[in-house]
Every structure is written in structure tokens, then in C-alpha cells.
Amino acid sequence: MAEFPLLSWITFIPLIGMALLLLVPKNNKTAIKAVSLVATAIPLVLATWLYFGLFDKTTADLQWKERVDWIPLMKIQYFIGIDGLSLSLVWLTTLLLFLAVPLSFSISKTPKAFFALLLLLEVGILGVFVSQDYFLFYVFWEIMLLPMYFLIGIWGGPRREYAAIKFFLYTLAGSVLMLVAVIALRIDTGSFSIPYMMDLAGQGLLTGANLPGGGELLGMEFGTWIFWFLFVGFAIKVPVFPFHTWLPDAHVQAPTSISVILAGILLKLGGYGMIRACFPLVPETFRENCSVLAILGVISIVYGAYVALGQTDFKRMVAYSSVSHMGYVLLGFAALTEWGYYGAATQMFNHGTSSAVMFMVVGVIYDRAHHRDLNGFGGIAQVMPRYWAMTTLCFFAAMGLPGLAGFISEALTLYGAFIADDPTFKIYVFISMMGLVLTAAFLLYAIQRVFLGDLNEKYKDYKDMSGREIFCQAPLLFLCVLLGVFPYLLLDWMEPSVVQLVEFLATQG
Amino acid sequence: MYFDYLTVLIFASVGLVFVFANLIIASVLRPKRTVTEGLEIYECGEETIGEAWVRFDIRYYTVALVYVIFAVEIAFLFPWAIVLRESLLGEGAAAGLGIGVFALVEGFVFIAILFLGLAYVWVKGDLDWVLTYSAPAYQPPTSRMRAIPTVDTLEGDSEDDSEDAAEDTSTDESEDAA
Amino acid sequence: MGRIAPEIVLTLLSMVVLTWDLVTKGRDSRQVGYLSLAGLAIVGYLLIDQWNGLRNAGISAEPTPVFAMMTIDTFGIFFKLFTVGSLAAVMLFVLSDKRERKHGVGEYYFLLLGAGIGIFFMVSTSNLLLLMLGLELLSLASYSLSGFHKSEKRSAEASLKYVIFGGLSAGIMLYGISLLYGLTGTIDLIEMGTGDGTSWPVGLAAQFAYNPAPVAIAIVLIFAGFAYKVSVVPFHFWTPDVYEGAPTPVTTFLAVASKAAGFAVLLRFVGLLFMAEGVDATVAAYGDRIGMLLAIMAAITMTLGNLSALRQASMKRMLAYSSIAHAGYVLMGLAVMTPEGFSAAMYYLGAYYLMNLGAFGFLLYFEGVTGSEEIDSLKGMGWKAPLVSIAMVAFLVSLTGLPPTVGFVGKYLLFVQGIEAGYGWLVIIAALNSVVSLFYYFRIAKALFLSEPAERSVAPQPILTGFLAILAVGTILFGIYTAPLQSWADSGTASLELVNSAK
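Residue numbers (my numbering), protein chains in the order written: chain A, 1 to 509; chain F, 1 to 178; chain U, 1 to 503.
Since the hints were made in silico from the structure, they are not lab data. For every residue, glycine included, the Cβ atom is placed at its ideal position computed from N, Cα and C. Accuracy of the hints is not assured; some may be wrong.
Straight-line alpha carbon distances no greater than 30 Å define the calculated DSSO-like cross-link-like pairs of lysine-lysine that follow [said to hold, decoys possible]:
| # | chain 1 | residue 1 | chain 2 | residue 2 |
| --- | --- | --- | --- | --- |
| 1 | A | Lys109 | U | Lys384 |
| 2 | A | Lys112 | A | Lys65 |
| 3 | A | Lys112 | U | Lys161 |
| 4 | A | Lys29 | U | Lys379 |
| 5 | A | Lys33 | U | Lys384 |
| 6 | F | Lys124 | U | Lys379 |
| 7 | U | Lys150 | A | Lys33 |
| 8 | U | Lys384 | F | Lys124 |
| 9 | U | Lys379 | A | Lys166 |
| 10 | U | Lys150 | F | Lys124 |
Derived, one-sided and incomplete: chain U residues facing chain F with beta-carbon distance under 8 Å [to be verified]:
| # | residue |
| --- | --- |
| 11 | Leu12 |
| 12 | Met15 |
| 13 | Leu18 |
| 14 | Thr282 |
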């Protein structure tokens with residue numbers, strides 16, 4: 001369609017930036033920061049241009065496709081493209097990575113290595129969002145892990161080694177199972193192209209007939225094991241309830257900017273992977289297992305919120321709130337209605353902004369107090385009014401207060417689940433509502449403990465947020481408000497893709 | 001079809017029975033003596049000194065090994081000679097294969113390699129019965145995990161590495177011999 | 001004669017090296033090392049020449065037999081080239097490391113070259129007698145090499161263990177070979193596989209139809225011999241001790257060249273016996289059962305290897321166990337009993353050469369720096385020697401099997417073949433095993449980078465650093481641009497002229 005390989009440029013400019021960064025002398029901190037800023041700013045500009053200018057929002061087809069043979073012997077192609085489902089996430093990625101750079105200016109330990117890894121991470125994330133070839137998708141998926149391991153492991157908190165390897169092991173365990181499923185799909189269809197696999201699945205031809213033994217594995221039918229292998233791989237990333245235990249450790253130990261990226265984007269990869277590369281390939285099995293997914297989603301919502309309520313560590317609380325919020329995404333997917341998908345897709349974006357700000361908020365207070373014990377604060381509002389205002393705004397957005405972004409997505413999700421064909425979903429919606437109450441409870445309780453009450457003498461002379469900190473948070477908060485008022489800024493772009501996807505999932509296969 | 005191996009089974013059983021039967025018969029028939037001299041290893045009249053587990057001089061082994069190698073190589077040369085003769089005379093199994101000259105050359109190459117081996121043993125001093133050089137006493141290592149020298153500690157002696165190397169080997173050999 | 005020119009040159013080279021060392025009375029062993037490297041370059045050139053000749057003649061060209069004993073085909077040359085490469089690497093290790101150079105007298109190079117000659121013969125013959133001779137030549141040289149630091153207790157122990165295990169398994173294997181010879185009347189694998197049973201030699205099929213038990217016993221006995229050579233469970237017990245005790249360059253040779261050569265022989269053995277064109281259907285069907293046996297061995301080997309590696313404090317021992325685990329992965333490619341599976345196994349072996357040479361080179365580098373092979377002693381070293389350490393991370397990523405490295409592509413190809421052949425359970429075990437392996441491989445990365453920078457300064461070792469950097473680039477490059485290695489492996493497998501067995 002397009003001559004200019006825009007998506008490749010967006011994806012690989014950070015890699016070029018990384019190469020340049022390696023040439024910069026270790027001690028020239030200004031140059032290091034400048035190169036990193038520019039290397040993340042260019043993709044952001046390009047992605048913005050793509051979002052508001054170049055992207056055709058009237059069609060559900062893949063746009064800006066690029067398709068080149070990569071490894072002809074194995075029929076692997078460099079096949080990328082975007083549609084309404086991935087566009088907003090690509091943009092969010094470029095934005096958060098751009099903000100992560102100034103957020104990490106205070107890193108003192110070998111900043112060169114830090115920013116180089118950060119840029120490599122961006123390549124991996126963007127690559128996953130644009131890949132349409134399953135092999136390519138998998139390669140990018142795994143490339144992300146390595147920089148993440150080092151970013152948590154080198155620059156993290158006291159238990160960083162444990163958290164880093166736990167994150168790595170969990171994600172790898174999921175993705176090797178994914179690899180097995182991908183190989184089986186490849187053998188069955190003879191191609192790695194995800195759209196092609198979807199086509200076949202839509203015609204009911206993706207049945208494992210080309211595999212020995214009809215594709216049965218360990219006594220499971222082809223569709224069943226493919227679905228669960230892929231789902232578990234993505235669910236670990238989301239993370240869905242029984243697979244979530246890596247998340248609190250990784251989030252708590254990671255440095256602020258990495259927590260922001262983890263919560264803001266990496267979790268979305270799981271949700272995005274499900275709707276791009278799991279459900280559409282085995283729609284029938286997906287429909288059969290909708291209730292299971294919904295139950296998992298509901299458990300995540302309530303359990304995450306409930307555990308968050310009991311945390312005394314500020315960051316750990318925010319981490320568990322992510323588990324809770326991502327539960328809505330799964331519930332929305334499972335509902336199999338258009339509204340559910342709108343809700344889930346916007347929830348991914350809105351959680352990306354609000355949770356990112358929440359982690360930045362934690363980072364701000366941690367930089368000053370060097371601890372995160374919720375019970376150790378108090379009355380901070382008196383010395384840091386701007387900080388208080390921004391925190392409250394972001395917590396309200398996360399809580400789902402009307403007029404803010406979180407409300408739109410949660411309301412859409414719950415509505416979508418309520419009108420689902422399966423009447424039991426009404427029960428799930430009801431239980432999720434309790435999760436909402438719990439969410440409000442832990443967020444307000446946290447605000448009360450940190451900002452209200454008597455001022456602790458220790459914190460008397462704290463400075464309010466610096467310009468750099470405000471610069472990092474303001475755009476995201478602005479988005480929270482903007483999308484709360486004008487949700488169509490997201491919905492319009494994803495509409496054709498969502499409509500097509502839901503129809504496909506509900507009827508095909 | 002397994003009956004084809006019946007002969008093997010019978011053979012094996014007869015063999016086993018023969019061995020044990022003889023042992024049993026001997027133990028019944030033989031005179032029973034209980035004098036201690038009868039339990040000595042050597043019954044040649046000499047009294048045994050020490051145990052059988054004494055260490056023999058390493059030189060016996062070296063010479064024995066060298067001997068065995070060359071003795072075995074001779075065993076290869078006999079069939080070679082026969083094949084060569086057949087091939088040259090044009091009679092027998094090797095006739096007409098046209099490997100005469102090739103086999104001749106090959107045989108000499110074989111012998112040349114053997115001679116290289118002999119020269120090696122000679123130069124390395126393994127044919128000397130009297131070991132002339134002295135060596136420091138062997139120090140058994142104190143722990144299983146060896147201390148590995150680092151590059152830093154070796155920095156000093158960069159020039160005469162090769163000298164050290166040569167000395168090292170001779171030292172090692174004499175340790176074995178000592 | 002020209003067809004065995006590489007073998008002749010290698011043999012002459014070893015003679016010259018030995019003579020040179022005798023004449024100069026071992027005054028400067030470095031000269032001997034440079035001489036050996038130069039000679040290896042010639043051998044490498046001859047091999048590439050042969051390779052191109054065979055490739056240009058097309059795969060349909062008959063592999064050229066020499067004296068009805070050796071078969072010069074691309075399969076053998078594939079392994080010979082990698083052997084030459086790893087021999088050169090090992091010599092480079094010896095030359096670049098002062099500590100090894102102390103021991104690096106002429107015999108070091110002579111024995112390495114001798115082991116190389118053994119490999120050359122065993123990978124290019126279908127004759128069991130010559131195969132055995134090559135194997136023994138390799139083994140004898142390896143025994144002496146692993147005890148090269150003979151004043152060290154550990155090294156001596158390694159040598160003795162190796163001799164005892166090696167002697168035992170060679171005996172078992174010879175017994176199997178003699179059984180096969182007695183049953184079929186030939187020691188040539190091709191004749192064994194394709195003999196029609198009407199005339200002498202009768203071939204395996206007739207004997208198999210007549211009486212399967214002795215055939216099965218013979219094959220299992222021979223497998224035991226191979227399994228020892230490539231350290232497959234339950235014949236792996238010698239591996240950690242020998243690898244740990246042997247001098248590190250020798251360990252590299254044993255873990256890389258010697259093991260891959262063992263696999264080459266195993267591939268040829270299994271392929272010619274069960275999958276060659278004209279093999280009887282009953283034998284081919286029996287091959288599938290052998291495949292199941294190999295699959296089970298593969299599963300046990302990779303699991304045990306990985307689990308044992310988890311708790312090792314010594315990096316050398318850990319790499320030894322990891323090499324056992326990798327033997328399990330390669331065995332997957334054999335178990336599927338298809339030419340494509342063999343090709344995947346060969347690709348994986350190619351990958352194995354690259355990443356293990358790198359990992360052992362790194363071990364050598366830091367042994368010289370810290371004087372210890374404990375993983376803990378590496379703490380914070382990554383910041384002191386960044387280039388080597390980053391290269392090591394690339395090798396570790398590749399060993400774990402993560403993209404974009406050659407190890408990932410190798411594993412991917414093996415998995416594809418496993419699933420296509422219906423060994424889904426084996427693939428899942430292998431996949432989960434790579435998660436386990438991540439844990440111990442990344443203990444090294446953790447020690448290198450996740451700790452505070454070390455106090456100790458690191459003396460630069462430019463040759464070794466450069467070599468490791470090249471290997472690291474190769475590891476990543478072949479992971480992205482896979483075509484060359486893949487086509488080499490494919491052409492190697494094609495020269496065996498195998499067919500898909502009856503599925």
C-alpha cells in the first residue's frame with residue numbers, strides 16, 4: 001500500500017539510537033541523555049503523525065503493510081502492518097518510552113547502559129505491536145525479555161536479582177509453550193502469517209489435520225491445546241490471576257521508569273497478544289471457554305483489589321491495582337460483545353496512562369523519602385500541594401470516576417459483559433462491581449494515609465514536584481481527562497477493527 | 001527359531017558345570033593342610049618380604065610399554081609382507097589389485113612413523129635407565145580445588161616462558177620416576 | 001589420493017609438529033603452535049576446496065569412496081570444517097593464555113592434531129572398523145590431553161576416569177560391532193542396511209526377519225558406545241569430572257569437537273542402517289522403534305543435564321552439565337528419523353560449536369583473571385571487562401535458546417521436526433527444559449552485571465577478546481541470517497542420501 005516503510009522506521013529508530021549511544025563516551029552524560037531523548041522522540045512524532053494524519057480509520061484492513069522474505073527456507077517473512085487494534089498501543093508505547101527518558105535522568109549508575117537497554121526494549125515492544133508474522137512476533141516478544149531482565153536486575157531495588165530472574169523465568173515459561181503452539185500452527189497452515197492463519201481458522205480449516213495424529217497432544221484436541229498454550233503465554237504477561245505472582249516483585253524492585261513501562265505497556269502486550277494472535281486462531285475453542293476466561297478476569301479484579309487494600313508498600317499496592325485493572329480487559333474479551341471489546345481496548349490504553357502516572361507518583365515520593373511505607377507518611381499535602389493534586393487526579397482516573405478516562409473503559413466493559421449472550425455474565429458483572437468498590441477503597445485509603453492527617457516532622461522541608469517530574473506526568477494526566485471527555489478519540493480509530501474482530505470471533509470457525 | 005541357540009546354551013551349561021564340578025571334586029579330594037607356609041603366595045622356599053602391593057619402579061612400565069608397542073607393530077608387518085609378496089608375484093588374494101608399489105611405500109611410511117615414535121622416546125630420555133637429573137620432592141596438593149595461577153601473577157616471567165615449559169615437563173617426569 | 005588430501009596433510013602436520021618439537025628440544029612451544037595453526041589453515045583450505053567441488057557437482061554426484069573404506073561427502077566435510085575451526089580455537093586458547101602456555105609444550109599440539117585425525121577418519125567412513133579406529137585415536141589423544149596438567153590431582157583423576165569409562169564403552173561397542181559382523185557378514189554400514197538376504201553379505205533385514213533379538217542387542221550395545229562419546233544419560237557420569245579436571249582448552253575440545261564428532265558418527269550409523277535408500281521395510285519400521293528409544297533417552301538426558309546444572313557452583317562443571325543437556329536436544333533430531341530431522345540436528349551442532357567455543361573461551365578468560373572457576377568469583381566483572389561479558393551474554397542467550405541467536409533457530413528447527421514427527425511430548429519437555437536452563441545460564445549474567453562493579457582490575461587479553469567478539473557476532477548473525485548454516489546442514493544431510501522411513 002505504502003511506499004515509505006514508516007512502521008519499520010518507527011520500530012527501528014530506537015535501535016539506530018542505541019547504536020549511536022554506544023559510540024558516545026561513557027562520561028558524556030549530556031550527550032547520552034540527548035541521544036536517548038531524540039531517539040525516542042522521533043518515533044513519537046512519527047506515531048502521532050500516523051495516528052492523526054496517515055492512518056485510514058474507516059477500514060479494518062491492515063495498513064502500512066511491509067512484506068519481505070526474511071528466511072525463505074523456513075517461509076518466514078518480515079511482515080508488519082497495523083490496524084485499529086494496535087495503532088493506539090503503538091502510540092502509547094512511543095509516548096511512554098519518550099517520557100521514561102527524562103524520568104530516568106537521575107539514574108547515576110552507568111546511564112549509558114541503561115538508556116541503551118531502554119532503547120532496545122522499545123524496539124522489542126514496538127516490534128510485537130506491528131508484527132503480522134508469527135515468527136517475527138515471537139522474536140520481538142523474546143527480545144523484550146533480555147533488556148527487561150537487566151533493567152530490573154541492575155538498576156532495581158534491594159531484591160532486584162530475585163525479581164529479575166523471576167520475571168524472566170515466568171515469561172519464558174509462558175512463551176516456550178507459545179512457541180510449541182506457533183510451530184504446530186505453522187506446520188498445519190504452512191505459513192507464519194497471522195492474517196492467513198485467521199482466514200483459515202475462519203473457514204474452519206485450522207484443525208491440525210496436517211499434523212501427525214490429527215494434532216492431538218497429551219490427549220488434548222488440537223484447538224484445545226493450541227488455545228491454552230497460547231493463552232497461558234499471554235496470560236502470564238497480562239497477568240491473569242494464577243499467573244500474576246511475578247508482577248508485584250518485578251514492579252516493586254524495578255526503577256520508577258521501568259515500572260512505568262512494565263505497567264503501562266508490557267502488560268498490554270498480553271492483552272493485545274490474545275486478541276491478535278490467540279483468540280482469532282481458534283475462535284471455536286475460545287467461545288467454548290469464554291466463561292472460564294470471564295471467571296479468571298473477575299477473580300483478578302476482586303483479588304487484585306482486595307490484596308491491594310492490604311498492602312503497606314505504596315508501590316506494591318499500585319502493582320496489585322494493575323492486576324485488578326487488567327482483569328477488566330479479560331472480562332471484556334470474554335464477553336464477546338462489541339461493547340466489551342471497546343471497553344477492554346480502551347481499558348488497555350487508559351490503564352497504560354493512569355498506572356504509568358501512579359508509578360511516577362510513587363517514584364516522586366520515593367526519591368524524597370527513600371521508603372514506600374504507606375503508614376510512614378502523612379500530611380504530605382501540606383508541603384507538596386501540586387503533587388497532591390496530580391496524585392488525586394490520577395487516582396480518581398484509576399478509580400473510574402465519571403469524567404475521567406477510567407470510567408469510560410470500565411463502564412463500557414461492564415456494560416459489554418452485562419449484555420453478553422451468556423446470562424451468567426450478569427453475575428460476573430455484579431461481582432466485578434464489588435471490585436470497583438474495593439478499588440475505590442484502597443485508593444482513597446492510600447490518599448488518606450499519605451497526604452492527609454498531621455504532617456510528619458521529617459517531611460517538613462520537602463520540595464514540591466520539580467519541572468521535570470511535572471513534565472513527565474502532565475501529558476498522561478491530560479490524556480486521562482481528555483479521553484474521559486472525548487472517548488471517541490480512541491473509539492473512532494478502533495471501531496472498524498473491533499467490529500470485524502467481534503463478528504469474526506462470534507460467528508466464524 | 002530360538003532352538004538354533006540351543007547348542008550355545010548346552011555349550012555354556014556344560015562349561016559352567018565342568019568348572020564348578022572340578023572345583024567341588026578338588027575340594028573333596030585334595031589333602032587338607034593347615035600350616036601357614038601353605039598359605040604363602042610363593043611356595044619356592046623363599047620367605048616373602050612385605051606385601052604384594054609394593055610399587056615398582058616407573059621405569060619398568062615405560063620400557064614394558066615401549067616394548068609392547070613395537071611388538072604389536074611387528075604383528076602388523078607380517079600380513080603386510082604377505083600381501084606385498086602376493087601382489088608383486090601376481091598370485092594369491094592380493095594379485096591384480098595393483099597395490100604393490102603403494103603397499104611398499106605405505107609400509108615404509110608406517111615404519112617411518114614408528115621410528116619417529118622411537119626417536120621421541122629416545123629424546124625425551126625414557127630409554128635412559130639411570131635418570132641423571134634431580135628434582136624437588138613431590139608436594140601433594142593440599143586441597144582438591146586447585147589454586148589456579150592468574151595472568152597477573154605470571155606477568156613477571158614473560159620472556160623465558162619456553163624455558164620454563166621445558167623445565168616443567170622434565171620435572172614432572174622425574175617426579176613420576178622418583 | 002587427492003580425495004584424502006586433508007587427512008594426509010593433517011597427519012604430516014602432526015609428524016612435523018612432533019619432529020619440530022624434538023629438534024628444538026621444546027625451546028619455544030609457541031612456534032609449534034603457530035606452525036600448527038598454519039597447517040590447519042591449509043587443511044581448512046583443502047576442505048573448502050573439496051566442499052565446493054562436491055557442491056558444484058550437485059547432490060546427485062556419488063560420494064567418492066576411497067579404498068572402499070572412506071566416503072568423502074559433504075556430510076563429513078561439514079564436521080571436518082568445524083573440527084578444524086575448533087582445533088584452531090583451542091590452539092588459540094593455549095597460545096593466548098600464559099598459564100596454558102606453561103604447559104603448552106609441543107605434545108599439546110601434537111595430541112590435539114592426533115585427535116583431529118581421529119575425528120577426520122571417523123566422520124567420513126561407513127566402515128565400522130575404520131570408524132572404531134578413528135574413535136580410538138580420538139579417545140587415546142583425549143585421555144592424554146585431559147591429564148595434561150599431570151601434577152594436578154584433579155587432572156590426573158580426570159584422565160584416569162576417562163580412560164576407564166572410555167575403555168569400557170569401547171569394549172561394549174566393539175562387542176556390538178562384532179555381533180553385527182557375525183550376523184550380517186560385513187562391516188560396512190551400507191551393505192548392512194541394503195543387503196537383500198539372498199547372497200552373502202546378507203544384510204540386516206534378513207537377519208532381523210529371521211531373529212530380531214541378537215540384532216537388537218548388537219545395536220543397543222553400539223548405541224551404548226556412542227552414548228558414552230556424546231555423554232547421553234545414562235552414560236554421562238564421566239562428563240562433569242573429566243570436563244572439570246581437564247585443562248580448560250582441552251575441556252573445550254572435548255565438549256565441542258569430540259562430542260560433535262560423536263554425533264556425526266551416530267547420525268551416519270542410524271541413517272545408513274535404517275533410512276538409506278533400499279532399506280527393507282521391516283528394518284525401517286524397526287528404525288522407528290529405535291527412534292522412540294532415542295526420544296526417551298533425549299528426554300531423560302536433557303532433563304537430568306539441566307537439573308544437575310542448576311546447583312553447580314563451578315562454572316566449568318555447570319557447562320559440563322549443560323553440554324549433557326545439549327546432547328539431549330541434538331538427540332531429538334535423531335529420534336524423529338527423517339532427513340529433515342538430521343538436518344536440524346546438524347544445524348544445532350553448528351550452533352553448538354559457535355556458542356560453546358564462546359562460553360569456554362569466556363571461562364578461560366576469567367580463570368586467568370580471577371584464578372577461580374566459581375561463578376561467584378565473576379561478581380561485578382561485567383563492568384570491568386564489558387566486551388567479553390557482553391559477548392558472553394550473547395552466548396548465554398543462545399545456549400538458552402532465545403532469539404535472535406543461532407541457538408534459537410537451532411532449537412526451533414528441532415522443535416518443528418519433533419512436532420512433525422509426532423513427538424509433541426518430547427518437544428514440550430525440551431521447551432520446559434530451556435526454561436530451566438535459563439535459570440542457571442543467567443546466574444552467570446547475574447554475577448557479571450547485577451552485582452556492584454568489582455574492585456579487581458582486569459588485564460587485557462586482546463586476542464582472546466577479539467576472538468570472543470567475533471564468535472558473539474557470529475552467534476547473533478547466524479540467528480538472523482540463517483540461510484548459510486542451514487544450506488550447509490541440508491547439503492550435508494542430502495549427501496547421506498537418506499529417505500523418509502516408513503511412516
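### Task
Just pull the numbers of the violated hints for me, sorted ascending.
2, 3, 6, 7, 8, 11, 14
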